[in-house]
Amino acid sequence: MKIIHTEPGIPVETEKETKMGMLPLNVDKIKKDFPILSRQINGESLVYLDNAATTQKPQVVIDALVSYYARHNANIHRGLHTLAEEATSAYEAVRDKVAEFIGGVRREEVIFTRNTTEAINMVAQSWGRKNVKQGDRIVITQMEHHANLVPWLILARETGAELEYIKIDGEGYLNLDNIAEIINAKTKIVALTHMSNVLGTINPVEDIINLAHRRGAVCLVDGAQSTPHLPVNIAGMNPDFFAFSGHKMLGPTGVGVLYAKEEHLKNMEPVQYGGEMISEVRYDNVNWAELPWKFEAGTPNIADVIAFGPALDYLTEIGMNNIRNHEMELTRYALRRLGELGFVKLYGPRDTRRRGSAVSFADPDIHPHDLAQFLDSRGIAVRAGHHCAQPLTRSLGVNSTVRASTYIYNSREDVDRLITALAEARRYFLK
Amino acid sequence: MSGKLDEMYRDIIMEHYRFPRGTKNIRNPDLVSEGQNPACGDEIEIKVKMNHDKVQNVLVHCAGCAISVASGSMLAEIVEGKSLDEIKKIAGIVRALLKGEEISEDIDLGDLEALKGVRKFPVRIKCALLSWTTLVDAIEAREHGQITKTSTTE
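Read top to bottom, the protein sequences are chains A and B. If you count the first sequence from 1, position 9 lands on 9 in the numbering used here, and the numbers rise without skipping. If you count the second sequence from 1, position 67 lands on 67 in the numbering used here, and the numbers rise without skipping.
Bear in mind the hints are in silico, worked out from the structure with no lab data behind them. Please note: incorrect hints may appear among the correct ones.
Said to hold, decoys possible - Quick list of in silico lysine-lysine cross-link-like pairs, DSS-like style, CA-CA up to 30 Å:
id, chain 1, residue 1, chain 2, residue 2
1, A, Lys29, A, Lys130
2, B, Lys24, A, Lys431
3, A, Lys345, B, Lys4
4, A, Lys167, A, Lys130
5, A, Lys261, A, Lys130
6, A, Lys431, B, Lys116
7, B, Lys54, A, Lys431
8, A, Lys431, B, Lys4
9, A, Lys31, B, Lys24
To be verified - Here chain B is said to cover these stretches of chain A; the calculated rule only asks that three of the stretch's residues, wherever they fall, bring their Cβ under 8 Å from a Cβ of chain B:
id, region
10, 313-323
11, 364-370
12, 383-389
What the hints assert, rightly or not - Between beta-carbon pairs, the in silico distance windows are:
id, chain 1, residue 1, chain 2, residue 2, range
13, A, Lys167, B, Glu15, 35 to 45 Å
14, B, Pro38, A, Gly170, 44 to 54 Å
15, B, Asn28, A, Gly298, 35 to 45 Å
16, A, Pro391, B, Lys120, 44 to 54 Å
These numbers come from a predicted model, not from an experiment. Virtual Cβ for every residue (Gly too), placed ideally from N, Cα, C.
For reference, chain B alone in the conformation it holds in the complex (with noise of 0.2 Å):
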């Protein structure tokens, strides 16, 4: 009865959840976005400060059910260190992990392998790409010389 949903809440989701990465504030950001799933209405702020050309913190601000929220969370976790186009890639690579293609890249997701259990429920994929999606239109917005952008997950 409860095996498909499980396979959505898996533990280490629900751990991300209850316990999300990345809430500390960030003084004069470097990118900043803001989010919006059109389905429900949740958003989520992203801020992030770079150190050079890698990210040094993140903060995501996620008011959302605990997909988007774990999703959020692990996307804070994992992009640290990271350069915007790695990012972008890994971003790539989350969506093509949500929907089910092959995924070329030979690359340890980590926690973000717990996502999986999205696919089975269609509708929940913008809930777990909702953090990801804001983020990489920042990234975008940035290459074309804006600071602020406001997306949504359609």
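Only chain A is shown next, with the shape it has when bound in the complex (with noise of 0.2 Å):
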């Protein structure tokens, strides 16, 4: 495989940027509603660019926890007081507003899981067990997380399928050309993310799952990089199955959502059996309860749950396609500044329309670890590794990169901090 990358030195070409200091967000107010943004780290004010691993959460957010153990906590569903009917309507309003969030989909869609890997697992338990047989094949992309590869692999090696990839090219886009034989007959199911985690790539999934679909395919999501930063639109993508995460879009960590189409769901056994999931048990025989409620066997992450909802709103009430502006402008300018400094590998796609704003880029000279360890010394927050995508790290021709993430708390001076840091590193480990 080509390697991505351009080499130090070569200027970045981007679409023009807007006026300096014309974001389409207002980052100071925004900032004010995160408390943890205003924390020093190592004596320096707080740069949080690790947004792809999980975000900062907004006061509404703790507020919402705090209050739900300190006013409402209670089991969900069964109780008959007070308390319970408060917490079982808090925790279904959210499911309510998951499914409107995402295009509006209908509530017994939406399963709420730990995570979107739990959610990913589910699926390919449930529905991959019952329907993935030996000689079937499974296609998932190169740049696939581990959470949607090793389930897969896993899938594969138990049935007997076989497992193939969909390539990307040397920009870090997915290679197209052979699609229609790679998505052959035999093909039960396509897996691919929206967004790259490492690369930021936006993969055309609307014309992926048509194709899988016209092959007699199921297609399966992995929007974690992806709701917390674009509009999503699930009745226009038509996926089968679409899964992401709270804690990636200011909810809480132990969030994560499942949406199956009705029909897939009817015909999936439980992953997890117990409580919560049943209507009728017998001593010898067992019934389900009804979607959504048979795929979320005991009692679940009520708090959590609820205090999604108001990480929800926030999104709403600034607007998912301003975010999605705001980021484009970011990346840009990220793009640039970094390309400027004439010594940073840059990973990944340079349009900022096809891409997302998880930047990956590497010093030659200085290890990805050595270097965000360097920036964490001046208060800026990134990722060094292989970002749980280690067959795409190492197809770039490294074992680790350095990531950085903005989100809708980031402005240009948070870039202009990372700049600066990056070329007085060289200065302390090249010296």
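Once you've looked at the hints, go ahead and assemble the two chains, each given alone in its own frame, into the complex.
This is how it looks when you write it as structure tokens:
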């Protein structure tokens, strides 16, 4: 495979930037809503650029968590007392909010999980074991996070199905030249990421879903990186399964979502058995609960689901289109400034219309871990490593990269701080 | 601002990083071992040539950060002329040093002493241990009759 990078010193070409200082979001105002952003780290004000890993939480989300435990805590669905009713309706109201947020799906099709990983595993284990047989094909891409790679690798191994990869080209896009041969008549499921957590690439999921459907296959989209950053419309996209995580979009950790078409959910076996997911149990028989509860065994993560509600409200209030525009602008700026440094190797697409805000790069003379450690000493939080996409990172010809990923509270000044510190790191390590 | 950072990236460490020891290849090694740090994907290869029961030469090939390369370089320097049991003992001392545990043995650690600064960065302890874990695993595998060993710092 070709190595995706520009040689240091070659200027990065991007579309024309809008005038300086014209970011679509009022970052100063937004920052005030996030208490952690006023923290000092190693004597410097925090610049948080690890949003692809998890985002920070606004005060409204923190308040919702505290308020739930202080005023409404009870187990849901069974209790007949006031607290149980309050907790149940608050929990179920967030399911409606989620359904609305992803473009107005049916609430029966929204299942709460722990995270994206659990959502994808549910599909692999329940839908996969039932529908994938020896000789069938599973198609994924070379840019998948381990969460959307390992479950399919194991399913292929268990069933004797073949696992086929859609390759990536030198710029970090999927190579769709021979896609019609890859997604063939034997293909049962195509699972791919909407947006790469390493390269930032936005994949043309609609086209791939269409092709998969014409071949009689179903399609799962890993929306962990896309849902926080751009408008998602399930009806327009038409995936069979769509998974994402609340904590990457201002919500608490421990809340993931699996959207699945009702026709699939009806035919799928539950992955876990126990309370909450049954309608009737006898000593010798059991009937499953209605959708979506059939897939939510045991006491769910009530508090965190409830506190995910205000996170969705917060994003909706700002507007997902505005967020997307803000990030395109900021990413364009970051790519330009990183390119101008002259010594930084950039990975992934340059066209901000076809990429998100996670930017992977490396200084060829400083190991990513050492660089991230140095940036931390300057109050700047980035990620270094293989970003849970080891085969992809290896295909770039390295073991690890540095990744800076922005969100709604990041400004051009944050990018400037990163740029200054990167130059400083060379003076520190290469003196 | 850089105080804590300087504690880790001491001059001795940076010197080992820039000019690592034990880079000369070894023919017909008696011990071959590969290790990986799963946190970052960094890889290391160690080859050892024995002369009777002592280490004659060692090759440490580490594609890693400053800490893992420097620690591997120090390993290469200190293990020559030592027996495998002595090396295991030193590895135990390095581990104790990095974890801030008390070291009962009275031993001159030489450059290894400089690894103390890594203590303040718990995530990086794995980097400093990579070469040591890899070599000790290989020694133990040899004791069980294997020649090649692949290990991780998990």
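Violated constraints from the hint list, given by number and in increasing order: Violated: hints 1, 7, 9, 10, 14, 15 and 16.
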